[in-house]
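Undergrad: So for the sequence shown, our numbering puts the first residue at 3; every next one is plus one.
If you are wondering where the hints come from, they were derived from the structure by calculation, not from laboratory data. Using N, Cα and C, we set each Cβ at its ideal position, and we do this for glycine too. Fair warning: there could be bad hints in the mix.
[Said to hold, decoys possible] Here are the in silico distance ranges between beta carbons for each label pair:
id : residue 1 : residue 2 : range
1  : Asp100    : Arg32     : 33 to 41 Å
2  : Pro163    : Arg27     : 29 to 37 Å
3  : Arg142    : Ala30     : 16 to 24 Å
4  : Arg53     : Trp22     : 18 to 26 Å
5  : Asp54     : Ala9      : 24 to 32 Å
6  : Met70     : Phe158    : 30 to 38 Å
7  : Arg138    : Ala167    : 16 to 24 Å
8  : Ala19     : Asp48     : 22 to 30 Å
9  : Gly177    : Thr46     : 30 to 38 Å
10 : Phe158    : Asp54     : 16 to 24 Å
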Amino acid sequence: MNDRRTAIKLTFREVDATTWPDFERLFAARGGPKSCWCMLWRATADEARRRDGASRRAAMAARVRAGMPVGLLGYHDGEPVAWCSIAPRASYRRLVSDGSPDDGVWSIACFFVVRPLRGSGVTRQLLAAALRLARRHGARVVEAYPVDADSPSYRFMGFVPLFEAAGFRETGREGTRRHVMRRELRAPMR
Numbered sequence: 003m004n005d006r007r008t009a010i011k012l013t014f015r016e017v018d019a020t021t022w023p024d025f026e027r028l029f030a031a032r033g034g035p036k037s038c039w040c041m042l043w044r045a046t047a048d049e050a051r052r053r054d055g056a057s058r059r060a061a062m063a064a065r066v067r068a069g070m071p072v073g074l075l076g077y078h079d080g081e082p083v084a085w086c087s088i089a090p091r092a093s094y095r096r097l098v099s100d101g102s103p104d105d106g107v108w109s110i111a112c113f114f115v116v117r118p119l120r121g122s123g124v125t126r127q128l129l130a131a132a133l134r135l136a137r138r139h140g141a142r143v144v145e146a147y148p149v150d151a152d153s154p155s156y157r158f159m160g161f162v163p164l165f166e167a168a169g170f171r172e173t174g175r176e177g178t179r180r181h182v183m184r185r186e187l188r189a190p191m192r
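Given only the sequences and the hints, what does the whole structure look like? Please build it.
TA: Structure follows, in structure tokens:
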């Protein structure tokens, strides 16, 4: 068991064909999100009709094989222990209803951290790594949809104070629970 006061240092890798086995291992492990495979916000109308874990896994695998950005993994001692869904907003179904253009906007739609590491600062590290990844891919804005700590749902999207501490500002609400928060990114240094 982890002492929550001890900072856990992670390394990060984008999910692609080479890291897909690690992604599968994290999601399929005991306590992992093997029923959703992070397809809730990505599923097309046809994919949404197939709600079983195997179909969702296949849909995510197809995106990874096609080279679509889907997110990144956090590793501790060489083992995948955390996930952040970060990708171009256009690759998700509609996350916001404000009609704002998707061009250059990346969205953070989910976090997952293995239970023993929760509360140890892992999500903060994931968020920082996600911002770096989006910047490397040319994103100009990263958008997120966190909830308040007492929210009974959408908790996998993160909590408002995490994003405030990382320089995001609220730009609106989506539904009754999700805050829409954005952070402008500077171009990567060359």
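Undergrad: Compare the structure with each hint and give your call.
TA: Here's how the hints hold up against the structure:
The supplied range of 33 to 41 Å is met by Asp100 and Arg32, whose beta-carbon atoms lie about 39 Å from each other. Look at Pro163 against Arg27: about 31 Å separates their beta carbons, and that is inside 29 to 37 Å. With their beta carbons about 35 Å apart, Arg142 and Ala30 fall outside the hinted range of 16 to 24 Å. For Arg53 paired with Trp22, a C-beta distance near 22 Å keeps the hint of 18 to 26 Å intact.
Here the CB-CB span from Asp54 to Ala9 is close to 38 Å, at odds with the stated 24 to 32 Å. The supplied range of 30 to 38 Å is broken by Met70 and Phe158, whose beta-carbon atoms lie about 20 Å from each other. Take Arg138 and Ala167: their Cβ atoms lie about 22 Å apart, and the range 16 to 24 Å holds. Between Ala19 and Asp48 the beta carbons are some 24 Å apart, a value that agrees with the proposed interval 22 to 30 Å.
Hint check: Gly177 to Thr46, Cβ distance near 21 Å, so the stated range 30 to 38 Å is violated. The hint said 16 to 24 Å for the Cβ distance between Phe158 and Asp54, and at roughly 19 Å that hint holds.
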